[in-house]
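Peer 1: Here is what each chain is made of, one letter per residue.
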Amino acid sequence: MDQKHIRNFCIIAHIDHGKSTLADRMMELTDTVSKRDMEAQLLDSMDIERERGITIKASAVRMFYTAADGEQYMFNLIDTPGHVDFTYEVSRALKACEGAVLVVDATQGIEAQTLANVYLAIDNDLEVLPVINKIDLPSAEPERVMHEIEDVIGLPAEDAPRVSAKTGMNVEEVLAKIVDQVPPPSGDPDGPTKALIFDCLYDNYKGALSYVRVFDGAIRPGMRIRSMATGHEFDVTEVGVFTPQWKTVEELTAGEVGYVAASIKSVEETKVGDTLTDVEHPASEPLPGYMKVNPMVFCGIYPADGSHYGDLMEALEKLKLNDASLSFEKETSAALGYGFRCGFLGLLHMEIITERLEREFDLDLVTTSPSVVYRVKMMSGETIVIDNPASLPDPSEIDYMEEPMVKASIMTPPDFVGPIMELCQNNRGVFEHMDYIEKDRVKILYTLPLNEIIYDFFDSLKSRSKGYASFDYELKDYQKSDLVRLDFLLNGDMCDALSTIVHKDRAYPKGRAVCEKLKDVIPRQQFEIPVQAAIGGKIIARETVKAVRKDVLAKCYGGDISRKKKLLEKQKEGKKRMRQVGTVSVPSDAFMSVLRING
Amino acid sequence: MTGVYVHIPYCVKKCAYCDFCSVPRDASIDQYPDALCREIELSRDRLPYEGPVPSVFFGGGTPTVLPAEALIRVLDTVRRTYDLLPNAEITTECNPGTASYADFVKLRAAGFNRLSLGLQSADDRLLKALGRIHTYEQFLTAYGAARDAGFQNINVDLMHGLPGQTQADYLDTLQKVCDLGPEHISAYALILEGGTPLYTRVREGEVALPDEDAVADMEDAGMAYLKERGYARYEVSNFAKPGRECRHNLIYWNDEPYLGFGVAAHSSARGKGDWLRWSNTESIATYLKKLQRGKLPTAETLHIDKKEEMFEVIMLGLRKVKGIPRQAFLDRFGLSMEKAFPEAWLTVQANGWWADDHARYALTPQGMDHLNTALCYFR
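These protein sequences, in sequence, are chains A and B. 1055 is the number of the first residue of the first sequence in my numbering; add one for each residue after it. 9 is the number of the first residue of the second sequence in my numbering; add one for each residue after it.
Calculated directly from the structure, the hints in this document are not laboratory data. Among the hints, erroneous ones may be present.
Some but not every residue of chain B turned toward chain A, in silico, with C-beta under 8 Å [as the list claims (entries may be wrong)]:
#	residue
1	Cys186
2	Asp221
3	Arg241
4	Ser245
5	Ser276
6	Gly281
7	Leu310
8	Glu320
9	Asp377
10	Thr381
11	Leu383
12	Arg387
For each residue, glycine too, the CB sits at the ideal point set by N, CA and C.
Bound-form chain A, shown alone (with noise of 0.2 Å):
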């Protein structure tokens, strides 16, 4: 299609603020998908963003729009991540697009994370739509919300539409200004092609993908495409679009959307952010922007049973696939046996590749504690770099240690300002600064360890606000740090999976609260078992798990005999699914849980 009828954009909203309904209400509107077969947020497909209303991989959706002039124009909606440990992932599919319609729930206002994604449009040159939704609702403000989107974002939102998605109240509208202010592309379908990877996806049939933008030229099948980043080079075996089901096109040429299937053999060959060119006519720059993602929160996997450990590595391979920010190696712990240590790009990531990996690949896992990248200044004036505690070298040789700082950023109602600062405050933070946004909405600024914040930091802001603050973060710098590496002893064997590298006065509490967490989880076994904290060879926390009294089956009758031998087997099973620490034996989700302490 010639470039002037394509419009390349995505929609930026908070999580519920609508951006899946509103994308349902296009697709029906331009007949991409009929009201019969729409699965209520099509876009969301993995069972996880449905399940947590968010979106985690971003995808995009091929419609035909006849405008009110009677032209047809093609529309390529990709939808981006909303999360802040996808910062570079949205930016990527940014840079795909064009404009950016924004959608702000008229009974919320703006939530900061939806801030900082429209600020990373405008940085990319987007033209942004503002739209404001749930205008069907009793509590709707649209007046309030749109000075507010005039006020915090500088863009004009007297024309904003007024929709409801859900109902598809002037939802036509949006499509209309999406036609008339988002410009279209401006390549070169002459040129020699660059095409820009915004997203990665497996699939089972047709293998790696990738999803593109071509700027320049153009892609079909039976070309030999090089990426710019790798040097690697590939067959196109076919190219297509979502519609959102697969559909083979012959080809995407300048300013178009689709995917590319190539004889790509490793994930490592094709990452988001790079630019796929022509062999025979190869571009000379890249596109802009490529950039290696660096994980920022560590922890060790290991498969409960230990035979799963082919499982496991298949799984995490299987998911890199998808998810190029995901980074393992393998790792091996006294406590859990063979496992990865993998790497993310925050807390969330890690929350949802793990449940990914339970979940969709049906394996059982042990997390340790996680941690973030530690500098270690040596004495001999060396510097060393360590993600993982076991790694830290002996106390006598280290000058000091660093650790990783975050710019924090607090958008809440002002009457949980007091709360959300103790909070703040307990967990190490530097109060920097505190701005009324308006009447009834705060932004509070600290600096926060980032190791205080990996544990259940936003659990703890969503309580104390009832759920309305919002919190987005990024990497301020590395400072010097009073730590200490905690151990866990279990009959006096040290427990590896469970050290963590704390802060040096906030060892107690938290040796203490995870040495009662473990009194509780670690069941009772025939002898009695001490739990002690320890820095370096010293206890400073202990508890005891008593020995077991009476393991027996009061009763057995006849009646009963199959029931008593199933008894017996799960109790069987569930001491299989123990991991040996010594003498001791521990439950594997006993790991999990002492992780949500934080003392």
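We have chain A already, so just place chain B on it with the hints.
Peer 2: Frame of chain A, contents of chain B only:
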């Protein structure tokens, strides 16, 4: 030798902790005794049977919700169909709220010679919490009536670990019962079964059960007290005056054959090759219908292979203080336990749980406290 069990599924009211097969009395109760007699008669040529019968046990539910005449008719059918030993133990369970002196006289005259009375606790507050239909006073009346009617072999069922129960409460019950002097006492720790009203109440936090340690303390104190009063422990939860061990229950724990009649009843006997374990339908309607058509109400039959049979012998036999005679194990399986389960045997040995008696495989009291752990070694 083959034991006979007869299941009467009806109760006046189901207790809060009970997950056995028991239902309210309904119209089917009138047809049930005839169906039982029919099943017993039909079974004679169709089920594996090695006579004679040393024990008949009527359990439930509550057998005594049926008129004494009905129970007697069923017992007579067993007697007519199978060859009972002259001195066979013939027991019926009885809820103290359901039987009168007149009933006891009739039962005794018909040949019932053992009574198992469900008391559970001498504390009316606890009885109420358990949803029992009787008071301690009513139990005393029933107990006296049974003695007067000539029952010289009586068991009293008790429980500990009850909601709000203290060790003092439990010892008080034991003392009251020992003072009465029954021949046999069963003393069970309450098992909280999923799906029961008590389970829901505990989960909802309406009632609290004593913790693990408190229950273990009660149990230990109770065992010491019973010993002092002349009741010897012979199984995990069972105590008897000398020579008064329950013969019927020993059939189960010795993994000897028994035939179960009635809805949801289980049976166990050697078939043509394998050991078999089968169960009757749990639906009263199906039970009655099948027997009307002259069919046995068997729902499911399990074939137990040698290895499994060995495990069952161990699982049941180690419940007894005297354990399993070495020779009996050798005779039944042609090899010793050490040979059949070398690792498990050695682990129990290493834990110091084998009693010092080379003629038997028996556990020390400490080993019996950890019976489940020990049995897991054998799986």
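Peer 1: Now tell me, hint by hint, if it's right for this structure.
Peer 2: Verification of the supplied hints:
{"no.": "1", "hint": "Cys186", "result": "20 Å, violated"}
{"no.": "2", "hint": "Asp221", "result": "6 Å, holds"}
{"no.": "3", "hint": "Arg241", "result": "13 Å, violated"}
{"no.": "4", "hint": "Ser245", "result": "5 Å, holds"}
{"no.": "5", "hint": "Ser276", "result": "7 Å, holds"}
{"no.": "6", "hint": "Gly281", "result": "20 Å, violated"}
{"no.": "7", "hint": "Leu310", "result": "7 Å, holds"}
{"no.": "8", "hint": "Glu320", "result": "7 Å, holds"}
{"no.": "9", "hint": "Asp377", "result": "5 Å, holds"}
{"no.": "10", "hint": "Thr381", "result": "5 Å, holds"}
{"no.": "11", "hint": "Leu383", "result": "5 Å, holds"}
{"no.": "12", "hint": "Arg387", "result": "5 Å, holds"}
Going down the numbered hints, you'll see the structure goes against 1, 3, 6, while the others check out.
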